Amino acid sequence: MFFYLYVMISEKDLAELESVPYEERITRVEKLLEGKSEPRAFELGLLLALKMGQELRQGKELGSESGDLVASWVGKHPDSIVEEAIALAKEFLTNPAKLAEKIKAGFQKKAEETKAAESSQDKSEDEQ
Numbered sequence: 001m002f003f004y005l006y007v008m009i010s011e012k013d014l015a016e017l018e019s020v021p022y023e024e025r026i027t028r029v030e031k032l033l034e035g036k037s038e039p040r041a042f043e044l045g046l047l048l049a050l051k052m053g054q055e056l057r058q059g060k061e062l063g064s065e066s067g068d069l070v071a072s073w074v075g076k077h078p079d080s081i082v083e084e085a086i087a088l089a090k091e092f093l094t095n096p097a098k099l100a101e102k103i104k105a106g107f108q109k110k111a112e113e114t115k116a117a118e119s120s121q122d123k124s125e126d127e128q
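If you're matching positions, the sequence shown starts at 1 in my numbering and goes up one per residue.
It is possible that part of the hints are untrue.
[To be verified] 20 angstroms max Cα-Cα, derived EDC-like pairs, lysine to aspartate or glutamate:
hint : residue 1 : residue 2
1    : Lys-36    : Glu-84
2    : Lys-102   : Glu-118
3    : Lys-31    : Asp-68
4    : Lys-36    : Glu-101
5    : Lys-98    : Glu-34
6    : Lys-31    : Asp-13
If you're looking for bench data, these hints aren't it; they were derived computationally from the structure.
Bear in mind that the values here come from a model prediction, so they are computed numbers and not experimental data.
Required output: the full structure, derived from the provided sequences and hints.
Below you can see the structure in the form of structure tokens.
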């Protein structure tokens with residue numbers, strides 16, 4: 001799954017983005033991705049969705065600028081990541097509520113897994 005807590009865009013980051021002017025959202029996501037050698041599809045998809053939304057807001061043809069962004073990813077990132085990012089960007093634009101639920105469920109699952117792992121580690125330390 002694409003929900004990792006280390007060096008990724010977090011639920012808190014997403015909540016903060018909601019209160020930021022649209023153009024600044026793009027800048028913030030770009031900064032979060034700067035220097036990352038292996039960004040997640042979710043992160044790339046978020047950036048792509050913002051870029052596509054910007055095109056729509058400016059009355060530009062969809063893909064007129066965001067297409068260049070995707071083209072820059074080809075060869076730089078695995079095809080599967082690029083394809084998933086495109087699919088996620090479409091979902092961000094067409095059904096953001098559904099995607100928000102997936103994100104929330106992913107964070108909850110990761111938190112539960114982390115808690116279970118910590119509990120298991122504590123048990124094994126107690127046994128020693």
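We went through each hint and held it up to the structure:
As the CA atoms of Lys-36 and Glu-84 are separated by approximately 18 angstroms, the hinted pair is consistent with the 20 angstroms bound. For the hint pairing Lys-102 with Glu-118, the CA-to-CA distance comes to about 24 angstroms; that exceeds 20 angstroms, so the pair is violated. Restraint check for Lys-31 and Asp-68: satisfied, since their Cα atoms lie roughly 18 angstroms apart, inside the 20 angstroms limit. For the proposed pair Lys-36 and Glu-101, the alpha carbon gap of about 26 angstroms is over 20 angstroms, so the pair is violated.
Between Lys-98 and Glu-34 the CA atoms are separated by roughly 28 angstroms; this puts the pair beyond 20 angstroms, and the hint is violated. Among the hinted pairs, Lys-31 with Asp-13 is consistent with the structure: their alpha-carbon atoms are about 12 angstroms apart, no more than 20 angstroms.
Comparing the model with each earlier hint shows violations of hints 2, 4 and 5; every other hint is respected.
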